Amino acid sequence: MKYKVISSSSKDIEILLEDLSKKLEKLDFTPNFGMIIITQSLFDYHKRILKFLEDNMGWDTVTFFTDGFGTKEGIFMHGILILLLTANYDIFVTGKGPLDQELEKITTKLQDYDVAIAVYPAIYFPRKTTLIKGFLRDRFYWFRYRRCKNELCKRKLLKRYSDWVQKERLFIPINKVLRILGKSGISVGSINLVPLEVHEDTPLILHNFRPIGRNVLVIGLKNADLHFKDIFPERGDSFEETKEILRKFFAFKDEVKVLKEGNVIGEINGMSVREYIKERFQLDVGEDEFIEKIEKGEFSAITPYGLAFISMMTNGATVVGLLSSPLNLYPYIIDLDVFQSEGLVLGEIFSKNPEEFVDFGELLSKSSTFKILFVDSTTLLAYRSETYRIYDFLSNRLKGDWVVIFISPPGMRLSQSTNSRYISEIEPESFYFGSGTSLLFSLKS
Amino acid sequence: MSRRIDSLVKDISNDPSVIGLIIYRVDGTPVFVRVNDEMRVIQHLYFLESQIRSILDYIFNQNLNEISIKVEDIKILLLPITKTLVMSILFLPIAEYRLEMEAKRVINSLRPLLANEV
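Each protein sequence line maps, in turn, to chains R and B. Counting from 1, position 94 in the first sequence corresponds to residue 94 in the working numbering; the numbering is continuous, with no gaps. Counting from 1, position 112 in the second sequence corresponds to residue 112 in the working numbering; the numbering is continuous, with no gaps.
The set of hints was computed from the structure by calculation and includes no laboratory data. Nothing here was measured: the structure is a model prediction, and the numbers come from that model. Ideal Cβ positions, reconstructed from N, Cα and C, are used throughout, including at glycine. All the given hints hold, so there is nothing to weed out.
To give a feel for the contact side, a few chain R residues facing chain B, derived at Cβ under 8 Å: (1) S9; (2) K11; (3) D12; (4) S41; (5) G74; (6) I75; (7) L380; (8) T387; (9) Y388.
Model the full structure from these sequences, guided by the hints.
As structure tokens, then:
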């Protein structure tokens, strides 16, 4: 497998494209696949950039936006990174049918590959008109929810609302994607994008420069390895043990009772999530303010508060970010049916050392591979310039070529059971936490 | 030398949120200046010049990685480059985590160039 890393970071868009053009001209091989990473800071110029790249690339491409990336030259919060490969691969994109069925179709085609990476919008921020329809739907269900006289009635409504947000693909539950693609028997990485800065019709993911919209794109690859890690303490052997571990590790706020169904939370301690956030954190945002912020690209989908759930299947845990929004019912990017209804509201605490995010131990010392590390981008907000320690660590430890890509916390489905006791194992062999996770993707030369 | 510094700091100084970038020697003497918004820099320069020696003393004696100061709507970020030089960036605090990361990279590239200078 041949590969080449090209990047450019000039603040002047014309100079940046000219630089890329020169670097592409100097290529000493013809790639068959390119992964293009554009920083969110260039979103306003994306049409110009994509036109340029389409004119200059005659091979298969997958493009998406991230918060930053790192190469041997340093960490960049502004620029374009292009990974060019001659690889044994295939790209599959779900169609318009029910997402579960579309993913099942892809699963049957993945068996011949070593690993797969699914790239998709875990939350899709649509245009204003669709957003308003979403608010009306929320009000409609909320009105009926409040009139329910018993829990069964509430659960039925939550289930219907959950089916609707999933059918519309406004929220794609990560564990559901991993569960289905995992049936292929190969390891699957999940690049479940939620942008740090939200714009209309984002996250924008493109296959051959055409937006995939609310679909899941899956890259199947041969001669590749995939590994996962989280930075948290190991999970306990029981619900109580894991609860105690979470309580000790995180800034602890509240032990709560949650009513949930599918991927939607109806209430926390008898309050809507919106009311709960307003009361506990004094945060609230109205519909108009929410829409205005999204239109201006000023809305952030990152929050330091989370609601931790413990899995009934593994005693692992995951955290649902508690974000102030105008919605009364609270849809999320996880199918919550596998979790206990008792939750812990936590404040985010990270490890003291940002390098822990990329410390994959001995896996890093194999020099014959090209390594791509997908790292939780909330590190950028939590550690700010200290995140640079990740670069220092990788520069010292890695012998071969590498890049690091800062994205929404990734998930993973392993092809076989592991001895590791990651707290983020929420279903057997499926991992996701909501922060503090990383993927190491190695391409054999 | 000035041209080489200029090309290295361009990634930060061309950022639309940056209004000025000054490299100070430990005694408070500015050795490199790049200004994007003259009026705004002048407004805050008096404050910076009057405080810079004590801030630099503090950075070097306490071995600090960085200091940031907020003055009105402007933020001033001071980052030591070498044992005798500090880069100060005057900027409007918009997506400042981005600027802080970019600054760190620029410092890394300036270090070998300036390690034996001044």
